[in-house]
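There are 2 protein chains.
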Amino acid sequence: MRDPAENAQLALLLEVSGTPKPGNVDRHREYEDLRFEQFMAGAVGALPGLQSAADGDPLGAAFEDAVEGMSEQSGGNTQFGALLALAPLVAAAATDRLTPEAVAAVVGATTVADACGFYRAFEHVDVAVDDPPEGADDLDVRRGRDAVGTLRARGLALSDIMELSADHDGVAAEWIAGFERSFEAAGWLLEDDGPVYKRASRAFLRLLAAEPDTFVATRNGETAATEATRRARAVLDGEEDPEELAAEFVERDINPGTTADLTAAALFIALERGLEV
Amino acid sequence: MRDPAENAQLALLLEVSGTPKPGNVDRHREYEDLRFEQFMAGAVGALPGLQSAADGDPLGAAFEDAVEGMSEQSGGNTQFGALLALAPLVAAAATDRLTPEAVAAVVGATTVADACGFYRAFEHVDVAVDDPPEGADDLDVRRGRDAVGTLRARGLALSDIMELSADHDGVAAEWIAGFERSFEAAGWLLEDDGPVYKRASRAFLRLLAAEPDTFVATRNGETAATEATRRARAVLDGEEDPEELAAEFVERDINPGTTADLTAAALFIALERGLEV
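Going down the list, the sequences are from chains A and B. The first sequence stops at residue 303 when you use my numbering, and every number in between is there. The second sequence stops at residue 303 when you use my numbering, and every number in between is there.
Calculated directly from the structure, the hints in this document are not laboratory data. Just so it is clear, the structure is predicted and the values come from calculations on it, not from any experiment. Heads up, the beta-carbon is just placed ideally off N, CA and C, and yes, glycines get one too. Just so you know, not all the hints are guaranteed correct.
Ranges of calculated distance between the beta carbons of each label pair, as one might list FRET restraints [what the hints assert, rightly or not]: (1) B/Glu269 / A/Glu206: 55 to 61 angstroms; (2) A/Asp193 / B/Ala236: 57 to 63 angstroms; (3) B/Ala154 / A/Gly82: 29 to 35 angstroms; (4) A/Glu277 / B/Asp172: 54 to 60 angstroms.
Construct the complete structure from the given sequences, taking the supplied hints into account.
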């Protein structure tokens, strides 16, 4: 029996193996500077941090450990967002109650120290992020540990930081909404049939068709994010070929990474609930 | 920095990600009853056993743990041979001396208890093996723990069992020959350039071109094994297209699994020696 940390590691591997996931690195496609094998190494390196989350260690420190281990490959940021989504889910699963309520309780219990760990995690790897809202420069995640003084002075817990980010970051939005979309997509994965790599592809497309990807919005702009969602819907409606769309999005560097993060979270929940591999 | 057990897990993942490896499961090809994702789960499950080997626990028990964890997926035997190759290499690497001599010393130090662990490992998963030589029925690995009495009575260490199998099993032959082919292929991987999945493919083809695969010989017969080696050589000589050969071998169920095991061993050695991912 795999424990929650092992299922989280497997979820990372199954996520990147799912294909086609238009614009993402997957079994069949990759970017020259972001390769499939770097996601494998990221998943290997992340395990000790995931284990720390499962052991009930402070969540911010566990997340930072996972990110530090993940970053020990030459591709840069492979799974930062996926680990941010997985950390509270793993902590909840380790208490034997992987429910939206239990995850909300984990989120609600985060502290200022957890927020500091989250900021420190940005020192290990370059993450594409938006500029902070006007007047919030002191909370720019790119400040890394330099933001610790501000976090302490203002008494901001990690859950507060996620709340501040929820409108422009799809993973933060999940933190605040009890991982509603991840749990729903886990249901799709469990009800689907066939190999997991095809289920993961379909869940990814359904998530993308339902809501614009915030990572695309950050890197490529709102118009591209809206287009990606419209075209994922077209794939589900049988009007576009997903393999062609995948080739086009990789060519245009439109990488719906946040949707991939939620797919990893959904795979984790599904594995914990008995998804057979 | 990844430790030896983590590098062994990564080697398993990089091995199955290498493509094209004619006849093997890889990023682009799989069998209906043996899928890429099951190799991912196998690598996740094997880690505690690999860690046990790195910790200096008795090698047979560590191997059995790795196989038991590997088998917690529905594809059956994904990486039995690869784990048999990796176990002594991980044990040697954990002592900071990953050399042919150090691995030979690990092999030489195996005991009857290790042989018992090796036999017990066969109870966790169905492995395609030859019938034992005439008169050696009591050492048939398919007897699992029932062979323990014979092993004890005859005082057979795991190294003795490998010696008895070396002429018809390519991994056992490596145990006896100081992993000569694995070390050589690790050199190829390190001298090569480009993404690891292409290096792994080329190393696999060179290994297969050099010697017939004993897993193919067992499952498909000597003629098929000789053909696979001849055609791997044709690929290296530019006379055959590896992608077409891969499609044909999967269709004919010619799976050079022992060559894949040695590729995993070579990837592990290369990672320990600085192969960048």
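Checklist entry - In ascending order, which of the hints set out earlier in this document are inconsistent with the structure? => result Checked against the structure, the hints that fail are numbers 1 and 3, while the rest are satisfied.
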